[in-house]
Amino acid sequence: MAYTADKPPLAASSEELRNRIPGWGVDLDRKDRPAFPKLQFDLSATGAHWDFPERQEEKRPRERSVEHKFLTPVFGTSCPPRGLSGVIRRYAYKRYSEARAAHWLLLLGADRVDAMESHLRSFATLRPDNPITQTGVLSEFTRHGISSRVGRKRTDLVHQPLDPVIVAGPWLLAGALAYGGVKKLTRLMRS
Amino acid sequence: MRAMVYRGPYKVRVEEKDIPPVEHPNDAIVRVGMAAICGSDLHIYHGMMPDTRVGMTFGHEFIGVVEDVGSSVQHLKPGDRVMVPFNIFCGTCFFCARGLYSNCHNVNPNATAVGGIYGYSHTCGGYDGGQAEFVRVPFADVGPTIIPDWMDDEDAVLLTDACATGYFGAQLGDIVEGDVVVVFGAGPVGLFAAKSAWLMGAGRVIVIDHLEYRLEKARSFAHAETYNFTEYDDIVVHMKKITDHLGADVAIDAVGAEADGNLLQHVTSAKLKLQGGSPIALNWAIDSVRKGGTISVMGAYGPMFSAVKFGDAMNKGLTLHMNQCPVKRQWPRLFEHVRNGYLKPSDIVTHRIPLEHIAEGYHIFSAKLDNCIKPLILTNGH
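The listed protein sequences correspond, in order, to chains A and B. When we follow the numbering used here, the leftmost residue of the first sequence carries the number 1, and every step to the right adds one. When we follow the numbering used here, the leftmost residue of the second sequence carries the number 1001, and every step to the right adds one.
For the record, the hints were derived by calculation from the structure and aren't laboratory data. Hints may be right or wrong, so weigh each one.
[What the hints assert, rightly or not] Calculated lysine-lysine pairs in the DSSO-like style (CA-CA distance at most 27 Å, straight line):
#1 A/K59 / A/K69
#2 B/K1241 / B/K1309
#3 B/K1240 / B/K1271
#4 A/K7 / B/K1241
#5 A/K153 / B/K1240
#6 A/K7 / B/K1291
#7 B/K1316 / A/K7
#8 A/K31 / B/K1344
#9 B/K1316 / A/K38
#10 B/K1017 / A/K59
#11 A/K59 / A/K94
#12 B/K1271 / A/K153
#13 B/K1291 / B/K1309
#14 B/K1240 / B/K1291
#15 B/K1077 / B/K1017
#16 A/K7 / A/K31
#17 A/K31 / B/K1291
#18 B/K1316 / A/K31
#19 B/K1291 / B/K1241
#20 B/K1309 / B/K1240
#21 A/K153 / B/K1316
#22 B/K1291 / A/K38
#23 B/K1291 / B/K1316
#24 B/K1017 / A/K7
#25 A/K38 / B/K1271
Only chain A is shown next, with the shape it has when bound in the complex (with noise of 0.2 Å):
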């Protein structure tokens, strides 16, 4: 079909569409749909009681954005910021706003700083960490591994096994690091 004003021609019509899918076109009508119109004021729709809620209690101090006036009247309380994570966590709420990179580069590097930490002190522990029950490993050999890649044209098979290096790389360098210390200073002790 040239480029003309004529919307190209559908395989089926409304009719045969209607007649073959369940429940085509009962929601035609947009003006007629849930999230039609973007916005729609009504408080008396949501079952809240209040103007403004109560506040929760703050049992420690709360890291929030500096965008934000206050502290929301309700927050989570999963994970409070602890070690050094904790440390680059609350310097990134406190300097830097959402629209800043460096707010959510020191994010993602406090998560790592976390893992780090959250791994070495489950040592201390009577379970330590188990990179193969934690990863689930396992049910490569029990929830089929190689069938559900060989001959099949997955193009995340490329790029899986930097998987496990993002979860073993860590450690093999940090034991690079060590060996490599108690290596120099055993020199360092003879000489």
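Put chain B on the given structure of chain A with help from the hints.
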């Protein structure tokens, strides 16, 4: 209680944790019966979302029974069987008052750019999630709804995010009768978006992915025409060829931050975390849709920048619609559609995994083993 706990990228385990207490007069504590792992959980599992702390319990899709309520709760009581939308919202802020429940301003001190989400990093408020035996549910009078007697548990749990998000995604496409709709991604949200597009009168629904078993599901569940992008040198050119070189009227990105199809984009975002997300599907959407068309973005991206082709979007005069789904706003209509048999959310469930084996569940879903599309997590004797 037993709860899934994040231990660092690609690592989770089940630990003993304290049962969450009521921390606010409008809190409820819910005994979780069933949860799900969402595709977006994989982004935090892979360490992509900033401020994902070791020790957090994930899970923003769950249903259960009310165990305890705070002193100001009026609409729920212990013993009620409830479904909980993934959004945490107050019901009265500027945004909630206008129906933008996913953008609530009163629940997330950590960021103003996103609302509160259960078990989804401290960037989304620092709330523990529902992949556990118990979970704290703030604003119990606003978020949760009692599950209708006729509704199946598995349908209910999928309505807390995946199904509602797919349906919302189709609405943001502003579909009119006879529109050609292309959906990038045949995961749960993509499947529901494709299915929903027909309800809005689409004339043709196309689904793109690289996993053949998911495309098969798109054909059988969503009546879609499917293409595996690995079979084409350039999927955008193919989209043009099959739409008489105009492009689709509407394109829906149902992939988000870990999209495949361009190694550089994927590695710099999903592996090296240098972008907020890999915008391959979004860029394909921009280039596949016709000039003047509409893009609906349902894929989740991190707060950092991403290499999106805004020049093409601008030059083509596209309309871009996006948001986290305000789930509860979708429910009355979705309940009708489920009851009338137009949608059967549980049809996409492929795996039912006990909480104790959740590490395997994450790996199976992440590595796409065993033809996995949607894994559920079973707790408390389910």
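Here is what the structure says about each hint:
{"no.": "1", "hint": "A/K59 / A/K69", "verdict": "19 Å, holds"}
{"no.": "2", "hint": "B/K1241 / B/K1309", "verdict": "21 Å, holds"}
{"no.": "3", "hint": "B/K1240 / B/K1271", "verdict": "31 Å, violated"}
{"no.": "4", "hint": "A/K7 / B/K1241", "verdict": "14 Å, holds"}
{"no.": "5", "hint": "A/K153 / B/K1240", "verdict": "22 Å, holds"}
{"no.": "6", "hint": "A/K7 / B/K1291", "verdict": "13 Å, holds"}
{"no.": "7", "hint": "B/K1316 / A/K7", "verdict": "18 Å, holds"}
{"no.": "8", "hint": "A/K31 / B/K1344", "verdict": "24 Å, holds"}
{"no.": "9", "hint": "B/K1316 / A/K38", "verdict": "24 Å, holds"}
{"no.": "10", "hint": "B/K1017 / A/K59", "verdict": "19 Å, holds"}
{"no.": "11", "hint": "A/K59 / A/K94", "verdict": "19 Å, holds"}
{"no.": "12", "hint": "B/K1271 / A/K153", "verdict": "21 Å, holds"}
{"no.": "13", "hint": "B/K1291 / B/K1309", "verdict": "14 Å, holds"}
{"no.": "14", "hint": "B/K1240 / B/K1291", "verdict": "12 Å, holds"}
{"no.": "15", "hint": "B/K1077 / B/K1017", "verdict": "24 Å, holds"}
{"no.": "16", "hint": "A/K7 / A/K31", "verdict": "24 Å, holds"}
{"no.": "17", "hint": "A/K31 / B/K1291", "verdict": "24 Å, holds"}
{"no.": "18", "hint": "B/K1316 / A/K31", "verdict": "26 Å, holds"}
{"no.": "19", "hint": "B/K1291 / B/K1241", "verdict": "15 Å, holds"}
{"no.": "20", "hint": "B/K1309 / B/K1240", "verdict": "18 Å, holds"}
{"no.": "21", "hint": "A/K153 / B/K1316", "verdict": "32 Å, violated"}
{"no.": "22", "hint": "B/K1291 / A/K38", "verdict": "23 Å, holds"}
{"no.": "23", "hint": "B/K1291 / B/K1316", "verdict": "5 Å, holds"}
{"no.": "24", "hint": "B/K1017 / A/K7", "verdict": "60 Å, violated"}
{"no.": "25", "hint": "A/K38 / B/K1271", "verdict": "35 Å, violated"}
Taken one by one, the earlier hints fail for this structure at numbers 3, 21, 24 and 25, listed in ascending order.
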